[in-house]
Amino acid sequence: EDQVTQSPEALRLQEGESSSLNCSYTVSGLRGLFWYRQDPGKGPEFLFTLYSAGEEKEKERLKATLTKKESFLHITAPKPEDSATYLCAVHPDSNYQLIWGAGTKLIIKP
Amino acid sequence: NAGVTQTPKFQVLKTGQSMTLQCAQDMNHEYMSWYRQDPGMGLRLIHYSVGAGITDQGEVPNGYNVSRSTTEDFPLRLLSAAPSQTSVYFCASSRPGTSGRGIRFIEQFFGPGTRLTVL
Numbered sequence: 001e002d003q004v005t006q007s008p009e010a011l012r013l014q015e016g017e018s019s020s021l022n023c024s025y026t027v028s029g030l031r032g033l034f035w036y037r038q039d040p041g042k043g044p045e046f047l048f049t050l051y052s053a054g055e056e057k058e059k060e061r062l063k064a065t066l067t068k069k070e071s072f073l074h075i076t077a078p079k080p081e082d083s084a085t086y087l088c089a090v091h092p093d094s095n096y097q098l099i100w101g102a103g104t105k106l107i108i109k110p
Numbered sequence: 111n112a113g114v115t116q117t118p119k120f121q122v123l124k125t126g127q128s129m130t131l132q133c134a135q136d137m138n139h140e141y142m143s144w145y146r147q148d149p150g151m152g153l154r155l156i157h158y159s160v161g162a163g164i165t166d167q168g169e170v171p172n173g174y175n176v177s178r179s180t181t182e183d184f185p186l187r188l189l190s191a192a193p194s195q196t197s198v199y200f201c202a203s204s205r206p207g208t209s210g211r212g213i214r215f216i217e218q219f220f221g222p223g224t225r226l227t228v229l
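From first to last, the protein sequence lines are chains A and B.
For what it's worth, this note's numbering labels the leading residue of the first sequence as 1, then goes sequentially.
For what it's worth, this note's numbering labels the leading residue of the second sequence as 111, then goes sequentially.
Just so you know, the hints here were simulated from the structure itself, not pulled from any lab data.
Note that CB positions come from ideal geometry on N, CA and C, so glycine has one too.
Careful: at least some of the hints might be erroneous.
[As the list claims (entries may be wrong)] Beyond 12 Å from chain A on every Cβ pair, some chain B residues (computed): (1) S143; (2) G161; (3) S179; (4) T181; (5) S190; (6) G221.
[Claimed, not checked] Pairs of lysine to any residue residues, derived as SDA-like cross-links and limited to a Cα-Cα distance of at most 20 Å, are as follows: (7) K68(A) - P118(B); (8) K57(A) - F120(B); (9) K59(A) - V122(B); (10) K42(A) - M151(B); (11) K119(B) - E45(A); (12) K119(B) - I216(B); (13) K42(A) - L226(B); (14) K119(B) - D39(A); (15) K105(A) - E182(B); (16) K105(A) - R154(B); (17) K42(A) - V198(B); (18) K59(A) - F46(A); (19) K57(A) - T115(B); (20) K79(A) - V122(B); (21) K105(A) - P149(B); (22) K57(A) - Q132(B); (23) K42(A) - P222(B); (24) K63(A) - E217(B); (25) K42(A) - G113(B); (26) K57(A) - K119(B); (27) K68(A) - D82(A); (28) K42(A) - T227(B); (29) K105(A) - T117(B); (30) K119(B) - E217(B); (31) K42(A) - F120(B); (32) K42(A) - S128(B); (33) K42(A) - K119(B); (34) K59(A) - F219(B); (35) K42(A) - G207(B); (36) K119(B) - G41(A); (37) K42(A) - N111(B); (38) K42(A) - V122(B); (39) K68(A) - R31(A); (40) K42(A) - G150(B).
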């Protein structure tokens with residue numbers, strides 16, 4: 001069964017303390033992996049698409065990487081405005097529908 | 111550009127009532143989707159459309175109807191509301207994925223959501 005698991009469920013960091021969020025997936029084949037950011041009370045906002053193992057994408061303090069089993073969202077020297085829930089979604093070979101993880105809630109304390 | 115708009119923001123229904131959640135986009139996107147988001151779970155696709163006049167079921171379509179008469183609008187109808195439909199509903203739109211990669215839902219633009227409570 002196709003599955004996406006995000007960890008940890010929640011992560012509290014001090015401002016400037018770098019860390020990584022994990023998205024592990026079990027699918028028959030991967031066509032693409034997506035990262036979104038969701039602020040409280042709002043809809044998800046697109047961040048990155050990764051298509052193949054070894055690929056990396058960067059945007060400001062965020063860098064997404066992809067292996068054959070998981071993706072990491074690295075956040076470097078985070079600021080309070082980076083606080084949000086980060087969602088991962090996988091597009092499997094077997095289905096046109098995305099499989100979404102439950103998200104990681106990131107809290108950055110000043 | 112307003113992007114993707116949804117109305118209402120909040121709604122309370124009684125069991126058995128029907129209602130329509132409205133969704134509109136002004137980006138001329140061909141693809142539109144409806145998702146529901148429940149605590150501790152990932153987004154789940156309810157219905158989607160790849161163009162005016164074309165709709166299809168997602169993962170959790172039971173109890174919901176959609177139609178797409180224009181590119182801009184994609185309303186979601188709850189036929190007879192049940193407490194299990196209490197959720198936050200998001201509408202999203204996107205351009206078609208590139209055929210070479212076989213991906214249908216690329217970068218999606220989401221609306222602000224409708225929080226629905228069914229008593």
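- Within a Cα-Cα threshold of 20 Å, do K57(A) and F120(B) meet the stated pairing? violated (36 Å)
- Measure nothing beyond the straight line between the CA atoms of K119(B) and I216(B); if it is 20 Å or shorter, mark the hint as holding. violated (26 Å)
- Would the pair K57(A) and K119(B) pass a check requiring their Cα atoms to be no farther apart than 20 Å? violated (34 Å)
- Quickly compare the C-alpha distance for K68(A) and R31(A) to 20 Å and report which way the hint goes. holds (11 Å)
- Item | Pair hint K105(A) and P149(B), alpha-carbon separation not exceeding 20 Å | Holds, because 12 Å separates the two Cα atoms, which is no more than 20 Å.
- Query: Are K42(A) and S128(B) close enough, with their CA atoms no more than 20 Å apart?
  - Reply: Status violated; Cα separation ~25 Å.
- Message: Holds or violated: K42(A) and K119(B), Cα atoms, limit 20 Å.
- Response: holds (10 Å)
- Task: Would you check the hint for K59(A) and F46(A), treating anything up to 20 Å between C-alpha atoms as holding?
- Result: holds (11 Å)
- Query: Does the structure keep K57(A) and Q132(B) at a Cα separation of 20 Å or less?
  - Reply: violated (35 Å)
- Query: Is the Cβ of S190(B) more than 12 Å away from each Cβ in chain A?
  - Reply: Non-interface label on S190(B) holds, nearest chain A Cβ at 25 Å vs cutoff 12 Å.
- Assess, step by step, whether the Cα of K57(A) is no farther than 20 Å from the Cα of T115(B), and give holds or violated. violated (29 Å)
- Given the hint that K42(A) pairs with M151(B), test it: the Cα-Cα distance must not exceed 20 Å. holds (16 Å)
Checked against the numbered hints listed earlier, the structure breaks hints 1, 6, 7, 8, 9, 12, 15, 19, 20, 22, 26, 27, 29, 30, 32, 35; every other hint is satisfied.
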